[in-house]
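> Below are the chains, spelled out letter by letter.
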Amino acid sequence: MGQGTPCRGEPLKAPKPEAEDERQLIAAAQRDPSCFAELYERNFERVYAFVVRRVRNRAEAEDVTSEVFHRALANLRRFEWRGVPFAAWLYRLAAHAVADRRQQAGRETGLPAPADDIPDPDPVAMRQVEERATLFRFVNELPPDQQRVVVMRFVEQKSIREIAQHLRRSEGAVKQLQFRALQSLRARMRRAHA
Amino acid sequence: MPKRSLSDQLDQAVQLLLSRPDSLLPSAEAELAPLVSLAASLRDLPREEFKLRLKSDLQRSSSMATQARPEPVSYIREGFHTITPYLIVQGAAEFSDFLKAAFGAKERLRVPLPDGSLMHAEADIGGYVIEFADSNEQFPPRPCELHLYVSDADATYARALAAGATSVFAPVDQDYGDREAYVRDKFGNQWYIATPISWTPPAGGPPAVQPVFHPRNADQFMQFLKDAFDAEILGDVPRSPEGAVLHVTMRIGDNTLEIGEAHGQFQPVPCALHLYVPDTDALYQRALRAGATSTEAPNDKPYGDRSAGVKDAFGFQWFLATQLRDIALPLPIRRLDFFTIRTANLERARRFYVDGLQFPVLDEKKGEYFRIAIAGVPVCVDFDAGFGGQQPNQIGIAVSHLGVTREALRVRGIKFAEGRRENETWLAVKDPDGHEILFLEEK
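Going down the list, the sequences are from chains A and B.
Following my numbering, the residues of the first sequence are numbered contiguously, the last one being 194.
Following my numbering, the residues of the second sequence are numbered contiguously, the last one being 443.
These are calculated hints, taken from the structure and not from any lab test.
With a straight-line Cα cutoff of 25 Å, these simulated SDA-like cross-link-like pairs (lysine to any residue) come out:
# : chain 1 : residue 1 : chain 2 : residue 2
1 : A       : 158       : B       : 48
2 : B       : 51        : A       : 96
3 : B       : 55        : A       : 23
Between beta-carbon pairs, the in silico distance windows are:
# : chain 1 : residue 1 : chain 2 : residue 2 : range
4 : B       : 97        : A       : 27        : 36 to 46 Å
5 : B       : 434       : A       : 171       : 48 to 58 Å
6 : B       : 37        : A       : 171       : 20 to 30 Å
Ideal placement from N, C-alpha and C gives every residue a C-beta, glycine not left out.
With the hints as constraints, model all of the structure from the sequences given.
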């Protein structure tokens, strides 16, 4: 995943349909695994969003997400482009990884493994996953101070007081930043799904 | 009681969400409800450090995957077969023209020397490579006997004569099923030009180029090829009433050669053959055991082959080779000729390097440059009126004794700075243009 390596083939003169662009990226990564980075960047939030609601906690979500991408990288040469988005293949890998983990947990606890180890076909659920992935990406586009508040509040689960101390702002100002961040995310999500 | 601000109300809902992750969405004013819903999703926001760490882990895996699975390199160089004739001729460039004119050869590679002679060249005839080079003192001429299968023996024969070859015999229908002609070129090579007329060549056609041998004692030669190179006899071995081998085809690897006992005008031509094999070292040893003598022990060549040479008891030269790396023609580097540092004042720089540091002058052109040797590496100090010390160079010089260096600089009245790093101590001198000379002594 070296930088500066031409991973897309010839420069794109006109915007290509996303599917075509993705197909080229996959072909490039199949030839040269160092080109996998772009596929990872495009799909990280999706896989994480899919996994996080199917496991018990953040640590497990990270383990499974990591496993999915390592499996994807290892098996990339076997991936055949049939017009189905790359994400669908990743979701399948993710569903299997979650199922494996549940089975393993079942063996360890002596409890029967839950049966729902098949990729989630429910389009509503999958749309929620996509929406959550979009939301996660939008957080990276927030102004830095809003972004810091969101990360400290929701990822690090710090209290408003702790954040205020850390950022040397008043608690009211931090609440305002949190409010504006959520408003901004809401606006972006509406535009994205308009 | 004053109404609480929206940001306060939102934070209260967020606080509830965070303290009771499994609870339903807390109720909120209609205006806030969508934000609370987003806040609920944000509890699953991935850690940025995790995303970066995973990316870097994948990066390591992918680079390991790339390194661990290099494209397998064939032991045979691209375009070559197991056996390739190597013709050493006087006038290789002219010979190349002859190959093109007579046989429609395409030149693949030409490595000329400054005197115009060819150190190495390759031509393709019908998908088979012929290598050739100019003879010299070390490599006297080694012509070859070659059997070409072409689509029209008569037409090729006519072209060969037009290109300067001499006819030994004109095309004739042979009883072994070929229409065949025989010519000699002015470089000493002999060419059978044949077209199958009453036999069916194997799929893919007959081999376009096959070397032909007329050794004395063909039976022993055939045994040598079996013992040394795993050659195998294809078909029958027709013999004369006296028992001499009239003609035999033997296969080594993916192509064939032809052998007939020396007789009459068909006398041994001590040709050289290039043999691509899976394991040069093993085959070299095997060839020696089979009676060959070494002309070159196995060694790695700059063009990516491992190569060795043997000469058999019949006078033929064999170059054994295994391609290790597929590399393009290497740059024929002999030495570093110079690198340049710039000075705005040539005289001042000369005083520093030549009078002061006393580096020997290799050559100079007044007002333009002078070239000095630093530990054998030529450094050209080049005049550039516009040079103002931007982006100065650093020249690192390893010394055996930094103490002696220090004294030597003191004696010369040259100022220096000193320092030490983990594994070395150093003295740094700046030249009048700002270039830095570092004398280093490893611990």
